[in-house]
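S.K.: So the protein sequences, as listed, match chains A and B.
Residue 3 is where the first sequence starts when you use my numbering, and the numbers rise one by one after that.
Residue 6 is where the second sequence starts when you use my numbering, and the numbers rise one by one after that.
Any given hint could be a false lead.
[Unchecked claim] Here are the simulated lysine to any residue pairs, SDA-like style, with alpha carbons at most 20 Å apart: (1) B:Lys366 with A:Asn301; (2) A:Lys325 with B:Gln367; (3) B:Lys203 with B:Ser237; (4) B:Lys366 with A:Leu75; (5) B:Lys7 with B:Ala192; (6) B:Lys7 with B:Ala82; (7) A:Lys325 with B:Leu309.
[Said to hold, decoys possible] To give an idea of the interface, some chain A residues facing chain B are shown, with a C-beta separation under 7 Å as derived from the structure: (8) Gln94; (9) Gln96; (10) Thr136; (11) Leu300; (12) Arg302; (13) Phe307; (14) Ala311; (15) Ala318.
Hints listed in this document are in silico derivations from the structure and should not be mistaken for laboratory results.
Quick caveat: nothing in here was measured; it's all calculated off a predicted structure.
Backbone N, C-alpha and C fix where the C-beta goes; we use that ideal spot for every residue, glycine too.
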Amino acid sequence: MSTPEDHQNAGEPMPGAPRPGAAREGTAQTSAEQAAPAQTGSGQPGHVGRSEEDRSANLVHEILSSSWLLSLLALVVALAVGGVLIAAADEQVQEAAGYLFARPTDFIGAAWSAVSEAYVALFHGAVFDGQSATFTRSIRSVTETLTVSTPLILAGLGVALAFRASLFNIGAQGQIIMGATFAAWVGFTWHLPVGVHVVVAVLAGILGGALWGAIPGFLRARTGAHEVIVTIMLNYIAVYLISYLLITPAFQRPGSSNPVSPLLDDTALYPLLLGSGFRLHAGFLVAIAATAFVWWLLNRSTVGFRFRAVGLNPHAARTAGIKVEWAYVLVMIVAGGLAGLAGTAQVMGTEKYLTAGIAASFGFDAITVALLGRSRPIGVFFAGLLFGALRAGGVTMQARTGTPIDIVLVVQSVIVLLIAAPPLVRAIFRLPAPNSRPRSARPAAVKEAQA
Amino acid sequence: MKLELRGITKRFGPLVANDHIDLVIEPGEIHALLGENGAGKSTLMNVLYGLYDPDEGEILVDGTARTFAGPGDAMAAGIGMVHQHFMLVPVFTVAENVVLGHEPTRGGGLLDLAEARRLVREISDRFGFDVDPDALVEDLPVGVQQRVEIIKALSRDAKVLILDEPTAVLTPQETDELIGIMRQLKAAGTSIVFITHKLREVRAVADRITVIRRGAVVGSARPDAAETELASLMVGRAVSLGVAKSPARAGDVRLQVRDLVVRSATGQRVVDGISFDVASGEILAVAGVQGNGQTELTEAILGLQAHVHGSIELRGTQLVGRTVDQVLEAGVGFVPEDRSKDGLVKEFSIAENLVLDLHDKQPYAQGWSMRPRVIRENAERRVQEFDIRTTGVELAAANLSGGNQQKVVLARELSRPLELFIASQPTRGLDVGSIEFVHERIVTERDNGTPVIIVSTELDEVVALADRILVMYRGRIVGLVPGSTDRDVLGLMMAGVPVDEAVAQAAVHRTETTAAGTEQGGVL
Numbered sequence: 003m004s005t006p007e008d009h010q011n012a013g014e015p016m017p018g019a020p021r022p023g024a025a026r027e028g029t030a031q032t033s034a035e036q037a038a039p040a041q042t043g044s045g046q047p048g049h050v051g052r053s054e055e056d057r058s059a060n061l062v063h064e065i066l067s068s069s070w071l072l073s074l075l076a077l078v079v080a081l082a083v084g085g086v087l088i089a090a091a092d093e094q095v096q097e098a099a100g101y102l103f104a105r106p107t108d109f110i111g112a113a114w115s116a117v118s119e120a121y122v123a124l125f126h127g128a129v130f131d132g133q134s135a136t137f138t139r140s141i142r143s144v145t146e147t148l149t150v151s152t153p154l155i156l157a158g159l160g161v162a163l164a165f166r167a168s169l170f171n172i173g174a175q176g177q178i179i180m181g182a183t184f185a186a187w188v189g190f191t192w193h194l195p196v197g198v199h200v201v202v203a204v205l206a207g208i209l210g211g212a213l214w215g216a217i218p219g220f221l222r223a224r225t226g227a228h229e230v231i232v233t234i235m236l237n238y239i240a241v242y243l244i245s246y247l248l249i250t251p252a253f254q255r256p257g258s259s260n261p262v263s264p265l266l267d268d269t270a271l272y273p274l275l276l277g278s279g280f281r282l283h284a285g286f287l288v289a290i291a292a293t294a295f296v297w298w299l300l301n302r303s304t305v306g307f308r309f310r311a312v313g314l315n316p317h318a319a320r321t322a323g324i325k326v327e328w329a330y331v332l333v334m335i336v337a338g339g340l341a342g343l344a345g346t347a348q349v350m351g352t353e354k355y356l357t358a359g360i361a362a363s364f365g366f367d368a369i370t371v372a373l374l375g376r377s378r379p380i381g382v383f384f385a386g387l388l389f390g391a392l393r394a395g396g397v398t399m400q401a402r403t404g405t406p407i408d409i410v411l412v413v414q415s416v417i418v419l420l421i422a423a424p425p426l427v428r429a430i431f432r433l434p435a436p437n438s439r440p441r442s443a444r445p446a447a448v449k450e451a452q453a
Numbered sequence: 006m007k008l009e010l011r012g013i014t015k016r017f018g019p020l021v022a023n024d025h026i027d028l029v030i031e032p033g034e035i036h037a038l039l040g041e042n043g044a045g046k047s048t049l050m051n052v053l054y055g056l057y058d059p060d061e062g063e064i065l066v067d068g069t070a071r072t073f074a075g076p077g078d079a080m081a082a083g084i085g086m087v088h089q090h091f092m093l094v095p096v097f098t099v100a101e102n103v104v105l106g107h108e109p110t111r112g113g114g115l116l117d118l119a120e121a122r123r124l125v126r127e128i129s130d131r132f133g134f135d136v137d138p139d140a141l142v143e144d145l146p147v148g149v150q151q152r153v154e155i156i157k158a159l160s161r162d163a164k165v166l167i168l169d170e171p172t173a174v175l176t177p178q179e180t181d182e183l184i185g186i187m188r189q190l191k192a193a194g195t196s197i198v199f200i201t202h203k204l205r206e207v208r209a210v211a212d213r214i215t216v217i218r219r220g221a222v223v224g225s226a227r228p229d230a231a232e233t234e235l236a237s238l239m240v241g242r243a244v245s246l247g248v249a250k251s252p253a254r255a256g257d258v259r260l261q262v263r264d265l266v267v268r269s270a271t272g273q274r275v276v277d278g279i280s281f282d283v284a285s286g287e288i289l290a291v292a293g294v295q296g297n298g299q300t301e302l303t304e305a306i307l308g309l310q311a312h313v314h315g316s317i318e319l320r321g322t323q324l325v326g327r328t329v330d331q332v333l334e335a336g337v338g339f340v341p342e343d344r345s346k347d348g349l350v351k352e353f354s355i356a357e358n359l360v361l362d363l364h365d366k367q368p369y370a371q372g373w374s375m376r377p378r379v380i381r382e383n384a385e386r387r388v389q390e391f392d393i394r395t396t397g398v399e400l401a402a403a404n405l406s407g408g409n410q411q412k413v414v415l416a417r418e419l420s421r422p423l424e425l426f427i428a429s430q431p432t433r434g435l436d437v438g439s440i441e442f443v444h445e446r447i448v449t450e451r452d453n454g455t456p457v458i459i460v461s462t463e464l465d466e467v468v469a470l471a472d473r474i475l476v477m478y479r480g481r482i483v484g485l486v487p488g489s490t491d492r493d494v495l496g497l498m499m500a501g502v503p504v505d506e507a508v509a510q511a512a513v514h515r516t517e518t519t520a521a522g523t524e525q526g527g528v529l
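Isolated chain B, as found in the complex (with noise of 0.2 Å):
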């Protein structure tokens, strides 16, 4: 089937957020659409899956002319859509899950849960995806449920796959995994339109690249096009992709931790005795897959766990057992891992949010009023410095895009002398543009000879930032290794394969999309 898109044009009030935009997928290809956070991808993806109406532009399917005035008309039309956040229900079963919405009925109206089941497997067995059409949806891993959100797409028929940022979630391996099944449907004549901004993927799998920005098609690319061509075809300018950094002058040890063990609620060991020093001027990188320690870990440095036991000294002083406010008072800057949640009152002003841990100290407030006048001068000085794209101080946070509220946060957590500082996943959901910044910044920090902790699951990340890298598997050390070690080691660790034969098995066998990063993309 053979999709286009003529002239699509979608606007919010006074803002184009796709503008007369012209998109071709031809049959069996893996188109890629490629552009920064809010450059219009989704939008667009939206309107041909019926969710909004163009004002403007066309869509043809085979080269007919349709409109689709909602879901159920573009998959009557073959059209399947995978959405960044899955849309199952989580204590159903796989088999549920994949006929929800058009469920086959025996006679009275009686679900015939056989006939989900044998579909599933079918579709299952025929991709090799190994999926379970009896097992619970909130049991599976994140990789698992896409495949059952890709199961769902295809029971109906799908001829035209939309993969919405479907890697943001999955470790290097999983994403390989799905890499692999994007294939195989490429192969069985389902086109596939990826949608992301994660270059190295765009060029291990896309048979075609599309570059949106500012809601417009900017550039189509081969795969073999460079990194940085891709880059700053997005961003629309120059960008460096690796970090600019000069090597770590990392002085005296400044943090201890000793036989860290932090108990969950349940009384799990989430962190399970752990020991690790980091000394000024360097860059620790936590990584690991989501979910192994790694939060707890740094919760438990800034005293919002309940259950730590050990050691944790920051020049000679012993954290454990100290209050929120009082880690902060010795020093330590804390950029939490889920800004929405824990970084930001978003309904609070810039201004406000600049000054929420320091908002009684000294200039901010006098005895027990606050100085208004002094923060608002304040949050005008942190918006200049860290460029943080805005009309106004007094404007609620929440009206910030995800980038400018990462910056409000490392701005406040910034502007004081710190003997710590850690960031927890402080790119996530951010631009490329937006990733340079942060980067930078932290880099700063280091070269001011601040002790670093950055946690993060994204290794493009650990391998830019990290002077040493410690790798955390079910809440223990799997090892600590140089900030220099290859990908593949580093994805196999995560998987918690000891460093030797991480060393070894990564010898054998390399990811795809570590390779296509290193041969310059001749997988294809």
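The following block holds chain A by itself, in its conformation from the complex (with noise of 0.2 Å):
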């Protein structure tokens, strides 16, 4: 027993690998964090040990740092994951496999129209319709998508941006559902003028989604609760809480035994932006507006320059004295008025009144679109409109080809898989690795560099 391990042995400690001190972990090691970029720094004295904390933060940063390319690769895998269960689904499909080894090109030829259909389908629903008899049939399609994205790009830029401060924020969920409920309750409960109305209700939703956010922002600063499982169960909370306030008088419907809100006054509704034969208001404005303020907050201004110092090394940052506890606690109100924004769209522009569901799982669905948008601004908003016609398609092409709905979260799921596993994504496609020399040669080869 000696080549390999041997091999193995040596092959750790290399200039850069961790102190003494820092052995046990390294042993210890996933794979996902042996190919984390963060601890590349070429001998870093006292580095000893690290923290829970530094842990998750290197996850964040191994997923951020990875390339568009990949974000794209990652799609394309999962759509043929999907085109896989597609036709392993369709029945013709399953019938030319009866005597695949007979007339194979029977089966590749149902395989083939089976896919192409779905996908064909998805794309009529989701961009633009061809086969409709008019135009404006055919481009309800693409507004159908924009309205669907919504809330899924406010909710993925309030994920997205506790990402950045390497916090995260499974919470969107819970958040959307007080945003959702606040905005309602003012929306049905209060009456206002035309224009103060809707506005009050939007500070409202968001309002109730940041405080659903700064609760495990201010555990976390204060007594260190990890706000993943404080997020985790204010979902809960906030499912639970919803459910019991619709069977209140304060929300429930008069005359209604069912736990339905009241509908909200007309001008508490997001104004239509394309006239009443389409759904599309002018929450997706919010969204755009929404874009540009987190864009601007975490590029150019002294918070969002705050938050990514602790965000990407809290150490240094407190050092340079910045207040890193305060800063968990205003990025999760800022993440948390984001996703009560998201729900601001749903009750206020699409539902027009408020129920249990109306988060669907728009705040789950923002993890993964905060991801795919690798936690920039631009990037969430187009993986928003992508999910978004992911949904918006996956119904049309349920109700046109018979292929379940379902595989659209497949193709999601899917994506989410490669997303947090990168080293996977470059296996499929031979990619070469991002600093592709041999891990033990690359901290020496950067010291020389520099000689």
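Two chains, two separate frames, one set of hints: put the complex together.
M.R.: Take a look at the structure:
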């Protein structure tokens, strides 16, 4: 038992490898972590041991530092996997598979037509429907996509912003629900003038989401409670809270025994953008504005500078006088507020009244959107559009070809899986790793480069 | 065993890390490989150890060419390596660590730990290492851990032992012990390749010295060569080893620390009731072995420590109980001891790092908005002024070498008017050229009238910079002595010996490294 182990053993201890105290972690590293780029610093004295905080930060860095190409390839692989499943679920394909060796062309032909019909239907439902009789009907697809994208983009921005401060905000779902609840209550209880009402309702929605985001931020800052656990729990609380509220007199629609709220006043609704024939509402403009705002916040504002510094290296941020704990609270407040806006888009635009299912699964899809968009505002915007398209198109696909809409879920899930594991995508496409030299070689080489 | 490297060339992309290097290691000699950080020493040794494939050249063992596919081959050929960062499993015992990877077994594949213990004890006794085979590695001091690494190499019959920067983590006394061990190994016929950039040690122990610069051998020297000669060979230009500094013109007292107690999270008194003053225009060096409260002391001043009692007054302003940004606002410049962890956000650009603590102040920000143009212009100025070697200020700080990263931190901290400047380990891991630069800047800051506190575990640095030296041991002050104090006395004080005793003991016994420094290498 000499060579391979020895190689392994001695291959580790290169310049830039962890210090003695860190050797324990070194041996227990997962493969995902080993690929993490954050540890490349050559010879970091005193970098003994890494806390949980640093480990999750590393994962975030790994995800964020992967390239656009990787996101694109992840999508391609996901669609391919979806295609296989579509073919497998298709009856004609199954039939043809029965005599696969006798006439393989039948099988291939059936598979091709199943997959292509499904994806064409998906495209028709999501972007442009050439089969429709009228132009209005044709562009309905794209407006549906935009409508569905709106909450995804807004909540995705919230998740992405927290990511940049290395916080895993899993709580967008709860924040959407609370935002929608606050906005709805203002929408059907207060009766304010045109213009004022919608603004006040939006502000209430932001407040609801921000409150729900502030709780995990505050607990993290004060007690160190991990935001992942707290936000997940707050999701449950929000779900049951809204269910409860909808059977109280304050929220339940008068004369109804169903857990639904009254319709919001017309004055509290987002104006429709393309007239009454389409569901597309001004919430989409809010999403565009929010994207621009988050871009400015992260890249041009002092607050965003602090968020990024805290996210990348909380130790250095603290040493430079940045109040790390306060940054955690603040970023969660803003993130919650953005998710709250997603709630307003749902309740003041799309649904027009509050139900327990107001947030659908937007809060969870938002995490995927943030990941696919690499937590960059523009990236999140387009990732949100893509997911909106998949969702809107999925409905048409199911209606026209009988392909279960769950395929869309599979596609989304595969994207998450691949984005969380960049080495897998690289392996599939034989891409060189971003640092293609042997791991042990890299720090040394970097050092030489500066000699 | 005679080991020969012929024309070894190793390239990383366009970069030539080793350029036709020839090296001969005779049996039983201590061969020092001297060079700055990044000169290519480690790359060369990794080639020798089978970790890298050389692009050109060959390795000859006793006259026959060999290729090593991996460390296993190198070990089988009798080459052992002790890495700068030890590769030990902290929760394993010494014996378990030593046999890891080639465990002796009894029937049925059971571990034969008795044999492992015997092996450790045998090697340990042969060289007088005094290592307990059953001790857990994590409980051992760094110097002993290093011996475990050496035992590990010897247990695999290493005839040539490569020591990569072995003294970087040791106290002066431990360094002395290591030098003793190296001599014993040599006497037993083991050759040693000693990689270092510390001139003093090289001259104390080496038989031959090969100097490497920018990937190529630039010369060899006898151990009796003058230090300045070696240094200029290494750097490629004349360097002054001492810091040219005029005597301190200490002014009025600016910083008063009184009865300072810092408790760790677990309640230990890591700084245990210390009091001292620093005047304007003087450098107070805090010396001590790593982990004796110096780090906590500086962090307490900056406001990073949670449980601080006592008083820290800067020009009459109480600093205890203030937040970090308030302390910075009061005019404290701070260079943290671990620049990668606390000094820089490595993913940030150089320009962003240069305003890390000033990003929300005029002129770098206007209200809530930052001003990228001003920040960039500032960066370009600092890069010029501090000679930061980079291709652009928008480059991530991670791309800089250690020395240039440290210059970024210094540039940031020295770029505003200061009332107090604190630098922890300001030159750790830097090469001779960068050390010179950093020291000059610190002295300049002192001469501008700023009180300066330097924390260093390197005696060389303490002696070079200090106007007064405060030695800490276990959170307390062992003594406050003048900057001209003898190195031996300081070394003893760092081990907790009070001043008077230290002076008496030092008169009897002089450590080797100092002797080599003062007696022009007449030790061997």
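S.K.: Quick one, are B:Lys7 and B:Ala82 close enough, alpha carbons at most 20 Å?
M.R.: holds (11 Å)
S.K.: Does B:Lys366 pair with A:Leu75 here, judged by a C-alpha cut-off of 20 Å?
M.R.: This hinted pair is violated, its Cα atoms lying about 43 Å apart.
S.K.: When the nearest CB of chain B is found for A:Leu300, is that gap smaller than 7 Å?
M.R.: Since chain B brings no Cβ nearer than about 11 Å to A:Leu300, farther than 7 Å, the hint is violated.
S.K.: For the hint on A:Ala311, does the least C-beta distance to chain B fall short of 7 Å?
M.R.: holds (5 Å)
S.K.: Using 7 Å as the Cβ threshold, decide whether A:Thr136 counts as touching chain B.
M.R.: A:Thr136 check fails; min Cβ-Cβ to chain B is 48 Å, beyond 7 Å.
S.K.: Can you confirm whether the C-alpha distance between B:Lys366 and A:Asn301 stays at or below 20 Å?
M.R.: holds (17 Å)
S.K.: Would the hint on A:Gln94 be counted as holding, given a Cβ-Cβ threshold of 7 Å to chain B?
M.R.: It is violated, given that the least Cβ distance between A:Gln94 and chain B is near 52 Å, above 7 Å.
S.K.: Between B:Lys203 and B:Ser237, is the straight-line Cα distance small enough, at 20 Å or below?
M.R.: holds (13 Å)
S.K.: Measuring from the C-beta of A:Gln96 to each C-beta in chain B, is the shortest one below 7 Å?
M.R.: Violated: closest Cβ of chain B sits about 51 Å from A:Gln96, beyond 7 Å.
S.K.: Can we keep the A:Phe307 interface hint, with Cβ of chain B closer than 7 Å?
M.R.: holds (5 Å)
S.K.: Against chain B, is A:Ala318 within 7 Å by beta-carbon distance?
M.R.: Hint holds; A:Ala318 Cβ to chain B Cβ min 5 Å, cut 7 Å.
S.K.: Does B:Ala192 sit within 20 Å of B:Lys7, going by the straight-line distance between their CA atoms?
M.R.: holds (16 Å)
The structure fails hints 4, 8, 9, 10 and 11 (numbered hints given earlier, in ascending order).
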